[in-house]
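Engineer: What follows is each chain in one-letter form.
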Amino acid sequence: MIRAEALRVSFASRSNGADTLDLGDLTLAAGARACVVGGSGSGKTTLLHVLAGLVRPSAGRVWHGDTDLFALPEAVRDRFRARHVGYVFQSAQLLQALDVTENVALAATLGGATRREARDRAEALLQRVGLGHRRTARPGTLSVGEQQRVGIARALVSGPAVVLADEPTASLDERRTDEVLDLLDEVVEEAGATLLLVTHEPRVRDRFQTVLSLDEGPLRGAPS
Amino acid sequence: MTLLGLVWRNLQLRALSSTLTALGVALGTMLVTAILILQAALAQHYEAPGRGYGIVVGAPGSALQLVLSAIYHVDDAPGLMPMRVWWELEADDSVALAVPYAVGDAFRGYRVVATTDAFFDRRSPQPAGEGAAKLAEGRPFHFDRARLDATLAALGAELGEDPGHVGEDHEDGEDHRDGEEHQGDDDRFEAVVGAEVARALGVRVGDRIEPTHGVEGGRVHDEEHLWEVVGILKPTDTAVDRLVLIPLDSFFAIEDHRGGALLPGTREPGLSAVLVFPRPGVHKVMLLSRLNRRPEIQVADVHEEVRNLFAIVGSVDVLFLLVAILVVVVGVLSVLVALYNSMNERRREVAILRAIGAPRRWVLGSVVTEAMAITALGALAGVALGHLLVAVSASRVEATAGFRPAALTFVPAELAVIALVVVGGALAGLGPAWKAYRTDVAENLRPT
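Order-wise, the sequence lines are chains S and P.
Under numbering that gives the first Met the number 0, think of the first position of the first sequence as 0, with each following residue one higher.
Under numbering that gives the first Met the number 0, think of the first position of the second sequence as 0, with each following residue one higher.
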C-alpha cells in the first residue's frame, strides 16, 4: 500500500520567490492500478518524484506500507527506493555505458542482490519482456519501444511493491503504446505490485479504471 | 554490475577522452620514473665503487678530480705522484692493500689502466665494494715486479743524473733495482678487459690488442708492443666494465711512457694514483693524518668526495624531479578538468542512478573511483614508458655520463609514485564527484 497525506511541494520561482504545488492526499491499496492525469505543470511528475522519495515535500508525509518515507535518512531512503520502488521513465533513460543486461542488473545490485543474482534476474526479466535475444545490445542500438521494455525490466528487477511510471508511452506510436502498456500491466500483475502511472494521453487514461486528476486541484483521499 | 563495473564501462564509453587524460598523467609519471631510475643508477655507479676504498692518493690538485679519475675513470688525473709513495704505502702497517694506477693510453675509446695484481687481490673492494673483480673468462694478467724494477733501473741509467729516485730501495726491504734479478719474459704483454669492452669490441681471450697513446686515443705504440688478452672480467655495472687493464711493468716497458711517466722537472717515476684500502679501525684516520702532511701528494677521502659530488649532482637531480612532479600534477589536474566538464553531460546519468536507488555517496564514490582508475592507468603506463625511455636512452646516457642505467631495474620508489599519483587522482576526482553528489535529481530527470 502507498499513502500520501497533505502533500505540498515548494519551488523556487523567478517571479514570486517561491511557488507551492498542492498535491493533496492519495491512498492506493497493494496491487492497485491507478492513473494520474493533468495538464502540463499540474504536478504529475513531481507527485511521482515525491512518492519515490526523490523530492522532499515541503509539507505532508508519504508511507510505503508502514514505512514513513521521509522519516528515513536520505541514504536509507535511497536503499528503500532501490528495493521497494520501481521507476519507469518517459524515455527509458538507459545508461549508455552499459549493455541491456547490465542496465537491468545494476538496479538489482543497488537493491541488494549479489552480482550473480542480479544477472540471473536481469536475464530472466529480459526474456520475459521479449528481449532475451538483445541482452548484450547497447541501448543506442535498440528501438524506442525496445528501450522502454528494458526500462520496465529494470523497474521490476528488484521485485518492488510499487511501480511508478512517468508517461512511459509518450514517445511511442499507438501500436507500441499498446504493446508497452500490455507488457507493463502483465509484469506488474505478476509481481503483485501497485502501479501508479501518470499520463496526459486519453488513450492511456482509458485503460485505467482508477483515474486521478490534478487538473481539478489537489488529490483528495482514496481514488474513486 | 558493480560500481567498479560501471566505472570501467564509463571509461570504455569515453575511451578517447579517458586515454588522452591518462596520457597526461603517464607523461609526468614517465619522467619521474626515468629520473628515479637514473638517480638509482647514478648512486650505484658513484657510491658502490667508493665502498671499501677509504683513500685515493694522487698528485696535488682537485680532490674531486682525483676521485673521479681514479674511481670512476671519467676525468684526467690531476698529474703524477711519486711512485715511491706507492712503495711506502705497500709497506705501511696501516694499509691492507695499495693498488697503483698509471693511465695515459686508450684502446679504441676505452681507457687503459696499468696496475698490479693487487687489483685482483681478494682483499680488494673493487669494483663495487663486494670484493675483487671476478673473471668471466681466462685469468688475471701476470704482473712482473722484477721487470718493473728492472725497467725503472734501466730508465735511471739512461737518464744518467739523479738516478737515486729511479728504482730506489723499497721500504719492504727488498732491493728491486737490480735488473739482473728480472726473471720475467720481456716479450709478454698481457691485458684483462672489462665486460663492456669485450662486448662492444668483440674482444676475446687470445686476441691481441693495440692501445694508442693518450686517453682519448692517439698514436699507436710500436707495433711490436701488442697486449694479449688473457682474461675478461664479469660485468660489474661500474666503470671497471669499460677498462682495459694491463700490468704496470708493461706500461713502463713502452718507450713512449718512459719520459712521460716521470714527474715534471725530476727523474722520478710517477703514477696517476694509488687506491688505498686501509686496515680496519683507526688506520684510515692515521693514514690521512700522516699523508696529509706531505706536500708532494694529495689525499682524497673517497666518501667525502662522493658526498660532495652528490651535493652538486643531487641539487640538479631534485630540480629535474620537481619539474617532472609538476608535469604529473598538471596531468592529475587535467583529470579533474576532464571529469568536471564531463559532469555537465552526465547530470542525467547521475539522476538516473539516483532514481534507481544509488545513494549520493555511491555516486560520489563512482566518480572518485573513475578518477583513480584514469590516474592509475596513467601511472602504470607512465612507469612502463619510463623504463622504455631509460632503455632507449641508455646508450646515450652511457656515452655522456659514463654509466649505463639498467632499464629493467625496478626502483622501490616507483611504487610510491604510483600510489601518490592514484591518491592525487582521488583528490582530483573529489571536485567533479562533489558536483555529481549535489546533482538535482528531479531537475535532471525531466524530459528534454
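Just so you know, these hints were derived from the structure itself, not from any lab.
Model, not experiment: these values are computed from the prediction.
Some hints here could point you the wrong way.
What the hints assert, rightly or not - Derived CB-CB ranges, DEER-like:
| hint | chain 1 | residue 1 | chain 2 | residue 2 | range |
| --- | --- | --- | --- | --- | --- |
| 1 | P | Leu3 | S | Arg7 | 23 to 33 Å |
| 2 | S | Glu188 | P | Ala418 | 47 to 57 Å |
| 3 | S | Asp18 | P | Ala415 | 50 to 60 Å |
Glycine is no exception: its CB is placed at the ideal position from the N, C-alpha and C atoms.
Engineer: Look at each hint and say if it fits the structure.
Structural biologist: Here is what the structure says about each hint:
no.	hint	result
1	P/Leu3 / S/Arg7: 23 to 33 Å	violated (41 Å)
2	S/Glu188 / P/Ala418: 47 to 57 Å	holds (54 Å)
3	S/Asp18 / P/Ala415: 50 to 60 Å	holds (56 Å)
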